[in-house]
Structure formats: C-alpha cells, structure tokens
Amino acid sequence: MKKPVNLFHTIKCLFVVAVVACSSLAFGQGKYFTREGNVRFFSDASMEKIEAKNNKVSAAIDAQTGKVEFAVLIKSFQFEKALMQEHFNENYMESDKYPKATFAGTITNLKDINFSRDGTYKANVSGKLTMHGVTRDVNTMGTIRVSKGMVNVSNTFKVKLADYNIEIPAVVKDKIAKEVEVTVDSNLKAM
Amino acid sequence: MKKILITLLVLGIVAAGAGYWYMNKPHEDVAGATPELAVNAQDLISAFETNEQEANGKYVGKLIEVRGKVAQIDDTEDGSTNILLESANPMSTVMCQLDPLQKQDKSGLAVGQPVNIKGLCSGYTTDVVLDRCHIIK
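So the protein sequences, as listed, match chains A and B. For the first sequence, position 128 (counting from the first letter as 1) is numbered 128 according to the numbering used here, and the numbering increases by one without interruption. For the second sequence, position 45 (counting from the first letter as 1) is numbered 45 according to the numbering used here, and the numbering increases by one without interruption.
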C-alpha cells in the first residue's frame with residue numbers, strides 16, 4: 001500500500017534535483033580561471049620608456065558571486081634589459097621580501113554581465129590591491145568579453161608608485177615615471 | 001703633459017666602455033648554470049602549501065632543479081611554452097616556462113613523461129612557478 005507513494009515521492013525529488021542541476025549548467029554561472037594571464041606595465045618618463053610583461057599571472061572569477069582574484073609574481077616580470085629587471089626586483093619592488101602582488105575584489109555591477117552570453121560587458125571592479133607590503137582600495141572599470149565559453153578580462157589603470165612605498169632614487173627620477181600604467185589582458189577558461 | 005692627457009683619455013674610454021657593458025649586461029645564464037638544489041614536484045608544492053613564507057625563503061630567487069611527471073604542455077598565444085608538472089592535487093602544479101632567451105628543443109616531451117627541469121623559482125600562486133626553464137638531459 002505504501003510503496004507506490006514513496007516511489008512517486010522519490011521520482012519527484014530526483015526530478016527537482018535534475019532540473020536544478022541542468023539550470024545551473026545552462027546559466028553557465030561557474031568559475032573561470034587561468035594560470036597564464038597577462039599583465040604588463042609601462043613607465044613613460046622623460047629620459048626612458050620601460051616596459052615589462054608577466055604572462056604567468058594567476059586569475060580567477062566567480063560568476064556567481066562576482067569575486068575577482070589576481071596573483072602576480074614580481075620575479076616573473078620580463079624586461080628587455082637585465083639591469084632594469086635587477087633594479088626592479090632588488091631596489092624598487094624588493095621582491096625577495098614581497099614576492100607577490102595580489103588583487104582581491106568584486107564586480108559591483110555583476111547583474112549587467114551575462115557570462116553565458118557572448119558579448120562585451122563593462123565591469124566595475126572594486127577591491128584591494130596589495131603590493132610591496134602595502135594594501136590599498138582600488139576602484140576601476142574594465143571590460144569583460146565572453147566568447148565561446150572563454151572570458152577575457154582587460155583593464156588599464158594607473159598605479160602611483162609612492163602609494164605603495166616604492167622609492168625611486170633621485171638619480172634615476174627622470175628614468176622612471178611616478179605613475180606607471182598597468183594593463184591586464186587575460187583569458188580565463190571555465191573550471 | 002701630453003702623456004697625462006692621453007692616459008686620462010684612455011681611462012675615460014675604458015670607463016665608458018665598462019659603463020656601457022654594465023648598462024646592457026646580459027640576462028643571467030641559466031643554460032650553463034648548475035642548480036643550487038634539487039627537489040621533486042610534489043615536495044616543492046607541499047612546502048609552499050604548508051608554509052609559504054618559509055618556502056619563499058628557501059626557493060624563491062634561486063635556480064632549482066625539479067623532478068616530476070608532465071601533466072600538461074601549454075603553448076600559449078604569445079609564443080611561450082609552459083610545462084606543468086603534476087601533483088596529487090590537479091589544481092596545483094609546478095609550472096615551468098621554457099626560457100624564451102635561450103631556446104631549446106622540446107620536441108621529445110610528452111604528457112605522462114618523467115622529466116628533470118631547472119629554472120628560477122619566482123614563487124607560489126595556485127602553482128609553483130619557475131621561469132627561464134631548461135630541460136635537463
């Protein structure tokens with residue numbers, strides 16, 4: 001007598017679970033990640049232009065919560081000139097002491113971005129940037145481009161070196177800009 | 001008087017030459033250098049997972065040799081090649097980027113193959129990262 005009722009209940013539960021599972025997949029609201037993200041910076045000073053690239057940046061985005069995380073290893077920045085790379089690591093960033101720069105924040109206009117629909121979206125990101133032992137609030141606007149299941153994050157923003165206690169000796173002050181331009185251009189894949 | 005002037009001139013040229021060489025000195029030679037220490041991939045990752053600060057002091061900035069099994073070979077869009085060495089946790093690898101400055105032959109590499117790689121350790125994010133890597137033997 002009891003058996004048919006229980007069976008129907010079980011089937012109903014399974015059905016609900018299946019629908020929920022399918023809709024999560026259909027909405028593509030998952031996590032995106034890369035360990036080969038690109039970040040470069042550019043210093044435009046009166047006497048010299050300096051450029052460095054890092055193509056081993058770790059980045060993650062949670063499409064559900066809007067959380068964004070970046071981790072950049074300072075020693076992985078590549079410069080054309082060895083001496084410049086040495087000064088950058090030893091004198092300015094002190095990378096032996098502070099090997100990593102990190103950003104942890106959130107996309108504040110998450111509802112404007114549809115991760116399961118190909119397109120280009122403006123993203124307002126707010127969070128904390130930690131570099132050279134200093135943490136500061138950062139608010140910036142970047143672009144999120146969704147294309148065939150891949151998410152490209154791009155953003156250009158300025159960093160004032162003094163804000164992060166990065167000292168430029170007077171001797172080279174015309175060779176390094178007080179504010180450097182940082183460009184993020186990373187492709188993240190669904191996890 | 002002439003001798004002094006000539007001496008000063010020669011010294012000046014030598015100093016300028018040395019200065020120029022210093023400003024444009026080459027990047028560290030990795031291909032011909034001997035690693036300071038050797039470790040296997042799993043132990044290296046575990047060291048950073050357990051105590052990142054201690055592992056930073058021990059490995060970061062040093063030329064190290066890592067032994068491991070190839071989990072993945074990534075040829076990225078900017079022309080670089082990353083060899084990922086596996087660990088017990090699939091999300092955590094030792095990522096070795098082949099040296100873009102001193103090119104080498106990587107045709108023999110395959111997934112699943114054990115390999116010895118030397119490179120400069122730059123730290124830990126989700127993976128332990130090695131720059132300017134060279135495959136040993």
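Check each hint, because a few of them may be wrong.
[As the list claims (entries may be wrong)] Covered stretches of chain A (chain B as the covering partner; in silico rule of three or more C-beta atoms under 8 Å from a C-beta of chain B):
| hint | stretch |
| --- | --- |
| 1 | 30–39 |
| 2 | 76–85 |
| 3 | 94–104 |
In case anyone wonders, no lab produced these hints; they're calculated from the structure. Glycine is no exception: its CB is placed at the ideal position from the N, C-alpha and C atoms.
For each hint, the structure was consulted:
| no. | hint | verdict |
| --- | --- | --- |
| 1 | 30–39 | holds (count 4) |
| 2 | 76–85 | holds (count 6) |
| 3 | 94–104 | holds (count 4) |
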